[in-house]
Amino acid sequence: MALLLALGLQAAEQPGRAAIASAHPAATVAGLETLAMGGNAFDAAVAISAALAVVEPYSSGLGGGGFFLLREAGEKPTYRFIDARERAPLAAHADLYRRDGQVQADLSLNGPLAAAIPGLPAALVELAQRFGRLPLKDSLTPAIRLARDGVAIDRVYRERARWRLAALRDDPESARLFLDQGDIPEEYSLLRQPELAVTLQHLAREGHAGFYAGEVAEQLVSGVRKAGGIWSLRDLSEYRTVERQPLRIGLDEGRELISAPPPSAGGLAIAQSLLMLQRLPWRQAEPVQRTHFVVESLRRAYRDRGLLGDPDFVANPTAQLLEPDYLKRLALTIDPQKATPSVNLPPAGSWKEGNHTTHFSVLDAAGNAVAATLSINLPFGAAFTVPGTGVLLNDEMDDFAADVQGANAYGLTGSHANAIAAGKRPLSSMSPTFIESPGEFASFGTPGGSRIPSMVLLAILEYLDGQPIARWPSVPRYHHQYLPDQIQHEPDTFTPAQIADLQARGHQLKALDRHYGNQQVLFWDKQSRRVEAASDPRGIGTSATLPESAHGSAD
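Under full-length UniProt numbering, the residue at position 468 of the sequence shown is numbered 468, and the numbers go up by one with no gaps.
Calculated from the structure, these hints are not laboratory results. Hints may be right or wrong, so weigh each one.
[To be verified] Have a look at the derived ranges for each label pair, beta carbon to beta carbon:
1) 508 <-> 237: 43 to 51 angstroms
2) 222 <-> 333: 24 to 32 angstroms
3) 422 <-> 547: 23 to 31 angstroms
[Claimed, not checked] In silico DSBU-like cross-links for lysine-lysine, where the CA-CA straight-line distance does not exceed 35 angstroms:
4) 328 <-> 510
5) 76 <-> 526
6) 137 <-> 76
7) 338 <-> 328
8) 328 <-> 76
9) 137 <-> 226
10) 137 <-> 328
As the structure is a prediction and not an experimental result, all values here were calculated from the model. C-beta atoms are modelled at their ideal positions from N, C-alpha and C, and glycine is treated no differently.
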């Protein structure tokens with residue numbers, strides 16, 4: 001009887017089926033293929049990440065990095081956070097982009113000088129070696145095939161290429177690979193990347209050394225330096241991912257938030273916003289009142305972002321910013337009827353006194369899970385591809401505060417804690433997030449630059465409000481990031497009457513001319529063993545679940 005009871009409890013803690021939600025159909029298929037081969041969620045994460053690096057060069061790639069939030073299944077789950085954020089080259093310094101006393105923004109956006117040392121290849125190796133069941137070469141097989149044989153150009157690719165057309169044209173190698181005779185490729189034409197396939201094969205055979213040493217590393221450094229960059233072989237050989245303690249915060253109703261710690265500022269913004277909202281009647285509020293509460297919480301959370309930086313370089317006041325008394329005082333400053341002008345808020349962290357990116361979520365039948373947000377920053381990163389490698393480089397150096405008095409490409413203001421320094425990781429908004437309770441598990445994440453935390457927050461509120469999973473990534477979006485002091489929103493988020501009501505409360509609104517974000521979410525009801533996944537209807541991603549008989553369960 002005791003054995004039967006124990007087996008029953010164990011079964012209840014396993015979903016019994018796997019699910020994936022990713023930003024591209026080919027990446028979802030790569031993950032499903034890997035699970036069907038007997039891989040677990042971590043193997044599938046390698047396959048999905050590598051596939052996205054091939055099919056979404058505008059969002060991620062071997063030349064970029066990201067954050068991986070892991071759930072290792074067990075009687076008591078273990079959560080891990082793998083920081084694969086890019087690092088500044090060792091030759092970088094605070095005045096790297098300053099010319100004649102003025103910061104030249106273009107230098108941190110386009111070309112090899114804008115590129116930090118990539119972290120994604122190291123993360124793929126680590127996931128496979130430490131947590132996976134399959135050899136790395138098996139998990140990379142789908143991506144190698146996609147790079148070699150090609151993938152169809154879609155509407156999202158063409159849109160992103162249009163945004164960065166001038167920068168792509170400026171680099172002969174990027175123009176050769178990602179454009180067609182200098183123009184945007186036709187929809188359904190094939191994107192083939194044979195050099196990237198070879199680089200992926202090096203990684204598959206040689207692991208970490210296949211990218212960060214030997215032939216590939218020499219090609220990378222030589223190509224970067226010839227074009228005016230400052231990489232060295234030492235930069236690559238010394239790159240390692242960092243395992244950090246995830247941010248873990250207790251919420252109402254026995255739930256726990258598990259999210260990204262610094263150098264992500266997103267996890268903290270989500271946690272602060274949720275904890276402030278718990279002190280406000282947001283659930284009972286009509287739509288405009290709820291929007292007001294959410295905006296005022298985001299305003300205060302984004303203000304505190306300026307105190308954060310790479311924890312290996314600066315002391316982050318995370319504990320103080322999450323102190324109940326501090327958050328209670330912040331919540332009490334929210335006027336239920338009036339907007340608080342951002343300039344009237346006290347200094348960030350006053351507790352003593354009173355973009356383009358991609359995301360996927362995967363869950364296996366045993367209950368292992370990964371939420372990963374990957375990036376090369378702007379669409380097509382630095383728009384510079386290292387000849388002979390197929391590696392399109394990131395422009396994550398723009399995420400540092402090159403000018404602590406100015407703002408970056410996403411309008412986020414600078415801070416000394418996030419100033420450029422050799423070997424430092426720039427602050428990020430990427431926010432892969434879990435919420436778990438004894439009865440449920442949910443996973444959230446999205447691309448979107450500075451808007452990532454607000455998008456994840458809005459999806460979480462739909463979950464907490466008991467809405468069906470399809471609603472979480474499709475909810476109309478709005479955003480406030482302290483400065484500029486305005487509510488940015490999608491074209492169809494508010495009615496004219498709601499806009500007038502918000503303006504009467506003192507809010508300034510800015511309607512965007514397009515929808516944004518690409519959220520990928522999962523849900524597991526532990527009692528019924530129901531598993532669901534959903535992809536954002538704004539994108540071309542797909543979600544899928546495997547039947548209980550499929551591979552991906554525990555050994």
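Quick check: which numbered hints come out false for this structure?
Hints 2, 3, 10 not satisfied by this model.
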